[in-house]
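Engineer: Chains as they are written, first to last, in my numbering: chain F, 330 to 559; chain C, 330 to 559.
Hints in this document: simulated from the structure, not taken from any laboratory.
Some hints here could point you the wrong way.
One copy or two, it doesn't matter: identical chains are merged, so the pair holds either way.
The list that follows gives simulated cross-link-like pairs (lysine-lysine, DSS-like), each with its CA atoms no further than 25 angstroms apart [as the list claims (entries may be wrong)]:
1. Lys-526 - Lys-348
2. Lys-348 - Lys-530
3. Lys-530 - Lys-483
4. Lys-530 - Lys-398
5. Lys-398 - Lys-363
6. Lys-348 - Lys-444
7. Lys-483 - Lys-363
8. Lys-398 - Lys-526
9. Lys-526 - Lys-444
10. Lys-363 - Lys-530
11. Lys-398 - Lys-354
12. Lys-348 - Lys-363
13. Lys-530 - Lys-444
14. Lys-348 - Lys-398
15. Lys-354 - Lys-444
16. Lys-444 - Lys-398
17. Lys-526 - Lys-354
18. Lys-354 - Lys-530
19. Lys-526 - Lys-363
Small disclaimer: the values here were computed from a predicted structure and weren't measured.
Number of protein chains: 2
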Amino acid sequence: MTDEKNPSAGEKNPGAGAKAYDAIKAMILDGRLKPSASYLEAELAEWIGVSRTPVREAGLRLEREGLVKVRPRRGLLILPVSAEDMTEIYQLLTALEPLAAELAAERGLSAEQAKAMDNATTRMERALAEDNLVAWAEGDDEFHALLVEAAGNKRLIEATARYRTQVHRARMATLSLRPRPEQSTVDHRVLLDCLLKGDAKGARDVHVAHRQAAGQMLTELLAQHRLDNL
Amino acid sequence: MTDEKNPSAGEKNPGAGAKAYDAIKAMILDGRLKPSASYLEAELAEWIGVSRTPVREAGLRLEREGLVKVRPRRGLLILPVSAEDMTEIYQLLTALEPLAAELAAERGLSAEQAKAMDNATTRMERALAEDNLVAWAEGDDEFHALLVEAAGNKRLIEATARYRTQVHRARMATLSLRPRPEQSTVDHRVLLDCLLKGDAKGARDVHVAHRQAAGQMLTELLAQHRLDNL
DNA sequence: AATGGAAATAACGTATGCATTGATGTGTAC
DNA sequence: GTACACATCAATGCATACGTTATTTCCATT
Chain F
330 MTDEKNPSAG EKNPGAGAKA YDAIKAMILD GRLKPSASYL EAELAEWIGV
380 SRTPVREAGL RLEREGLVKV RPRRGLLILP VSAEDMTEIY QLLTALEPLA
430 AELAAERGLS AEQAKAMDNA TTRMERALAE DNLVAWAEGD DEFHALLVEA
480 AGNKRLIEAT ARYRTQVHRA RMATLSLRPR PEQSTVDHRV LLDCLLKGDA
530 KGARDVHVAH RQAAGQMLTE LLAQHRLDNL
Chain C
330 MTDEKNPSAG EKNPGAGAKA YDAIKAMILD GRLKPSASYL EAELAEWIGV
380 SRTPVREAGL RLEREGLVKV RPRRGLLILP VSAEDMTEIY QLLTALEPLA
430 AELAAERGLS AEQAKAMDNA TTRMERALAE DNLVAWAEGD DEFHALLVEA
480 AGNKRLIEAT ARYRTQVHRA RMATLSLRPR PEQSTVDHRV LLDCLLKGDA
530 KGARDVHVAH RQAAGQMLTE LLAQHRLDNL
């Protein structure tokens, strides 16, 4: 027999719950579900092709992740990211990611990790030279993900991933408004050097400055452009 | 008319979902559900008096909170806290709570907050004098909760609450094994003074030392007593 | 015309039913 | 006696059905 043992659908291996979660999250992050708008469980279920049960599951999960609010009879409210959210999140990232840098430096990078981070940094440098801001942001995201992975603290990975997800839309919206991220790109290279040298204190200090600058720049940008709800 | 508008039950106001979550969480934290043991959704549902749906919801939530693991056909596995978990969590708390102390000092305490924190500190001092370790731990917990609330960062509140929940069982188990928490109690009083004076840097430094000492003491204690799974 | 109330509607929260799938136990063959 | 395969069983994951409740609309009354 072929490998299709189920007559219903073709590609639902990870389960309907994960499918609903991934679909809704993706729709929020790329803007197909608009901030401050509401969507009923039933309509989301129809769009995704599952029943209300996994949609409800996904809604509760996304609520605890800070992306939506489930309101009793009005569906899922897509939460916009406010200036206050940005402040909160950058305060946390400024505490958490320098810890990751410190731990990663103490622990040392594996050959694969070093290669991957160097790769991501190079992609950022190249993307910046080509003025490809989207590619730059992707490299930046990957670098930070690799950094916290290298720290080897699973809870730290989970927490930072959550907060980076929450600011994703604001970062994308401000990409073309912000000045070219020259210093930010250099910071990554410097940080990587510290990690390779095992300079924990240096890594921490560099990254504190990096995150503080990024947070301040973003919040100022949002205030300047009156972008209070993304 | 009286305030009972619903003829069905007497105390299910917060909903069955919350009831299941609270019940299971409480049973885990006080040990009625044993670490490394598994419990089927159906039996939990029966004990609690709800259907499987809210139990399943609670299970998923507790899984993302790090208290259980849902295993496909074997029910909810109650996760023990390992030495590695303690290390991870204290690394995070050592980064997060000093941030809270710093922010709270900058922001200043309201009269109620100051009173509540002083109250909690006094209770700890009194409990220590009376050798009532359980009361001491309760005061300690409340102090730390008040501290992060005073920082005014909602995500910080949520994150630290989660991690404190995860170490709860280990803290309780080691209460009677650890030396009398003299220094720890003094630390709280000193920290509170810094907060009242608005000394952000002092508050941060005191609390870093406080958390580092606590984390080191606990992990050493667990290693000493071979308590790898609580 | 405006306001208040009651009925209808619609959405969620919970319960239940069903099918899929891993675990378990038994029987047979080597 | 052991090992492998097949059949039975049980528990989950998902779908669906039901009851509760907020919201909305419509009508009557002022």
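Engineer: Could you tell me which of the hints above the structure violates, numbers in ascending order?
Structural biologist: 1, 2, 4, 6, 8, 10, 15, 16, 17, 18, 19
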